[in-house]
Amino acid sequence: MKHKSPLAAAALVLAVLLAMLTLSACGSGTDADADTTAPAGGIALVDQTGRDVILAAPATKTVALAASDAEILYALGAGGTVVGRGEYCDWPSEVLDVPAVSSGAETNIEQIIALEPELVFMNTMAQTPEQVEQLEAAGIAVYSSDAKTIEETYSSIRDFGTLTGKEAEAEGIIETMKATFDAATADKVDGGTIYFEVSPLEWGLWAAGSGTFMNEAAELVGLTNVFADLEGYAEVSEEQVIERNPDYILTITMYYGEGLQPVEELLQRPGWETVAAIQNQAIIELPNNELSRPGPRLAEGVQALSDFVHGR
Amino acid sequence: MAGSAFRESFRPWVWAAFAVATAAAIVLCVSLGSVRVPFVDATREVWLALTGRPAGDAKVWSIVVSVRFPRVLVAGLMGAALSVCGCAMQGLLKNPLADGTTLGVSSGAGLGAIVAIVFGVQVPGLPLAGTTIMAAAFAFLSLLVILTLAYRLDRSLSSNTIILLGVIYSMFVASISSILVTFAGDKARTILFWTMGSLASTNYGNAALLAVALLAFGGVLLTKRRELNAFAVGEDNALHIGVDVKRTKLVVLICVSALTGICVSVGGTIGFVGLVTPHMVRFLVGPNHLRLMPAVIFGGAIFLMLCDLAARTLLSPRELPIGVVTSLIGAILFVNIFTAARRKGK
Amino acid sequence: MTMLEARDVTVRYGDLTLVDGVSFTVAEGEWVMVCGPNGAGKSTLVNAIAQGAPYTGDVLFEGEPLRRMKPPQVARRIGVLAQSNAALYAFTVAEVVRLGRYAHREGFFARGGGGRGGRDDGCDGGSGRNPAGRDDELVREAIERTGLAPFAQQSVLTLSGGELQRAFLAQVFAQDPRMLILDEPTNHLDLVYQKRTFELVREWLRRPGKAVLSVTHDLSLARAYGSRVLLMDRARIVSAGAPSEALSPANLEAVYGMDVHAWMRDLLEKW
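Protein chains in written order, with numbering that gives the first Met the number 0: chain A, 0 to 311; chain B, 0 to 345; chain C, 0 to 270.
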């Protein structure tokens, strides 16, 4: 993990390149509405990576590897089906009572098989095609979500509903979300810029660029993301924030129990005194992943941002 | 043969050249950055700051005086400190692959930081100091552990024992760190940032700390230049010409560890600087530590300042992790120097 | 006048006894040769005297125990030319030779760890203080004496094995010790270098107040250059005295298990 050798650095660069390749490969062929053959009375659909997902009946035992998967399942009222969760699933708090399994690169297929789920939800960002194959070989259906926009989030919520027999609930959630977003859009502010801080300055400044939910949220409430020219999440120079002088700052940094709270820390940064958001103390803190996970709570995040810019 | 043939220290003009080169690098790094600031404006604000006057242009002041200048200073001081450590270790152990991390002290410091992050260690009355102080404390503890073990195994503290123990200790500590990271959950990302090393958020306080450490420990290392020459020729030879071998080793190892630990606590693990700069500078001024050690201080400062400049500007507005830049640039320079040196028979 | 006296020197490594209660003296002007077969403990013995290995017993230099001296004090009395020296960094010949002056430096910054003894020993070649000019002079002299002047500014990495060994000989000359310890320094060198090294050492020994203690397994060299021989076998000295006495046919037969004299004569006859 320490990059003190050229080899380690080269390995890092390679790993990043490989990851990018894998991601772009997975991203293709998303919404094919193909001719899936469902067994009588069964369910068949195509997941967000273009794979067929076939179930004989709505799943009664599921494993959710990504935090957003668990959030959707619980919001649908299908939390009872969850027999296993990825270790980073933390919302709602009930999910913490479910046995945790390793996820991401450390995913332990045996651990998942032992829970005997009918269906595993996972995110293409964190999981590999090999893991999917292994699970399918064990007779477990896999749904891979790959939602990068609010629209895609609707579609995964709809799919989750279908697979767990909660279609009506899914439509309900989507309607509620849409209503919130429409209200925020109707309420649009006229201009203004915002900077989304993803990691604290101490570890190098990471910002949310375009193609992120935060960017979409900014657009919905009528703000411009100062780093919209960057794709995805990016490490940026402190100077750039000062130069781009955002009117608002939204930080999703968590407080790790040391030193100042994120907002206080922002306010005392040397050199940031000239930033409008700092001068006006226009800083909002959303530390609970409302705007980083493709799930129903995106609405809460947008609502919070909208309330904030309107001073509510 | 003229008397000057034996001259071992630099002539005044060489010192002047080093000073000018370093000053030029500072000016370059302060005037260039992610945000384009006209040279005149940048130097004016720095000048105002240095003469204790208020800002001329608030925004330029913010960018140049509050953010860029302290970072350039920290990069320079850290480059100097890491390089002087690497140089001392390469001489002491007569091993061209050694640097300040060889002893395992920086891995230890990293572990300290991770422990602080995972367990939320805080220092009462000193906000934000938990990780830094834990890193420094663990660096020191690591040194104690390694030296105690080395003494147990081999009373003469032979170079091979030190290198072997350092490697094994680093691996051991790395595995403990990995275990902690497994339990860290959401904090894992924070830890990753720590281990990557970063010069973002460095301030004048960090610069002052590094300056004091460099003056103290670097100063002591500079008094050991003749001894390092002897070690670089051969440890047995050092013994025969009357060097107090054990004492020298102890002093050098302690100073290197302290300095490396402080660097890690300020900027995380920034690799390759301590390994590569001594080689580059040795290629220019030769292996005699009377010249090499002071030259490496300037060379290391310039190297890391320029690497940081690249990290800040190459992909602007994005920033590259400093460790990646030092490794990339360092590796390329290293290969070039090595082939050139072989060709020259140096 | 006795310069060096070893009393009951014993070196152990784990359960092995490498040198077992060895006592001898070296007087001014003497060239004492330590001979014996491989594994007899010759190198271990001189290594102990040169402070490289822990030992029990006493080694006195003009009555003072070496053990109580700081490394620079020892180095001003005893210089060592080791069996082999490998170069890694491109030091110049002059730089390597100059290192020989290390133990003679004065002042806070110059004095390496532990040279606190000051000039209490009169072992600096007679000049009370030790200005840098004298260092230069001794370095230059040592380089010239060993015929290295043309290489002085050359990197040691470009030297042949023999030239490199001569650079270290020059270093130990520059060190200007009272006594020189040679640990088979010409082992891997060809005859020319061998002869040259021994001639240079003999010349050095002619100066007043010098002595040489030399380890060699080359019996002809020992006979040709030694003023006295210590024959070692299995960690002990088995005979000591003038070369012809110590290396008598009976003594050699006992140590080597063969008629060494006959073998030597046989070798010579072929010429």
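Keep in mind that the hints were calculated from the coordinates and are not lab data.
One should not assume that every hint holds.
[What the hints assert, rightly or not] Here are some, though not all, of the chain A residues that point toward chain B, as calculated from beta-carbon distances under 10 Å: (1) W90; (2) V94; (3) A233; (4) E234; (5) R243; (6) N244; (7) W271.
[Stated by the list, open to error] Calculated cross-link-like contacts (lysine to any residue; reagent style SDA-like; alpha-carbon spacing at most 25 Å): (8) B:K58 - A:K60; (9) B:K93 - C:S159; (10) B:K245 - C:K209; (11) B:K245 - C:R11; (12) B:K58 - A:G49; (13) C:K69 - B:K58; (14) A:K60 - A:G49; (15) C:K269 - B:K245; (16) B:K58 - A:T250; (17) B:K245 - C:S159; (18) B:K245 - C:G56; (19) B:K93 - C:G208; (20) B:K93 - C:S83; (21) B:K58 - A:Q267; (22) B:K93 - C:R104; (23) B:K93 - C:H187; (24) B:K58 - A:L266; (25) C:K209 - B:L27; (26) C:K69 - B:D235; (27) C:K69 - B:R154; (28) B:K245 - C:R104; (29) B:K93 - C:L87; (30) A:K60 - A:I112; (31) B:K245 - C:K194; (32) B:K93 - C:E63; (33) B:K58 - A:T273; (34) B:K58 - A:Q280; (35) B:K245 - C:P64; (36) A:K147 - A:G171; (37) C:K69 - B:R317; (38) B:K58 - A:E263; (39) B:K245 - C:E63; (40) C:K194 - C:P53.
Glycine residues also receive a C-beta, built at the ideal position from the N, C-alpha and C atoms.
Quick rundown of the hints versus the structure:
no. : hint            : result
1   : W90             : violated, 12 Å
2   : V94             : violated, 14 Å
3   : A233            : holds, 5 Å
4   : E234            : holds, 5 Å
5   : R243            : holds, 8 Å
6   : N244            : holds, 8 Å
7   : W271            : holds, 7 Å
8   : B:K58 - A:K60   : violated, 58 Å
9   : B:K93 - C:S159  : holds, 20 Å
10  : B:K245 - C:K209 : violated, 29 Å
11  : B:K245 - C:R11  : holds, 21 Å
12  : B:K58 - A:G49   : violated, 50 Å
13  : C:K69 - B:K58   : violated, 62 Å
14  : A:K60 - A:G49   : holds, 23 Å
15  : C:K269 - B:K245 : violated, 52 Å
16  : B:K58 - A:T250  : holds, 22 Å
17  : B:K245 - C:S159 : violated, 31 Å
18  : B:K245 - C:G56  : holds, 22 Å
19  : B:K93 - C:G208  : violated, 36 Å
20  : B:K93 - C:S83   : holds, 16 Å
21  : B:K58 - A:Q267  : holds, 16 Å
22  : B:K93 - C:R104  : holds, 23 Å
23  : B:K93 - C:H187  : holds, 23 Å
24  : B:K58 - A:L266  : holds, 16 Å
25  : C:K209 - B:L27  : violated, 61 Å
26  : C:K69 - B:D235  : holds, 16 Å
27  : C:K69 - B:R154  : holds, 18 Å
28  : B:K245 - C:R104 : holds, 19 Å
29  : B:K93 - C:L87   : holds, 7 Å
30  : A:K60 - A:I112  : holds, 12 Å
31  : B:K245 - C:K194 : violated, 36 Å
32  : B:K93 - C:E63   : violated, 34 Å
33  : B:K58 - A:T273  : holds, 6 Å
34  : B:K58 - A:Q280  : holds, 18 Å
35  : B:K245 - C:P64  : holds, 20 Å
36  : A:K147 - A:G171 : holds, 21 Å
37  : C:K69 - B:R317  : violated, 58 Å
38  : B:K58 - A:E263  : holds, 21 Å
39  : B:K245 - C:E63  : holds, 23 Å
40  : C:K194 - C:P53  : violated, 33 Å
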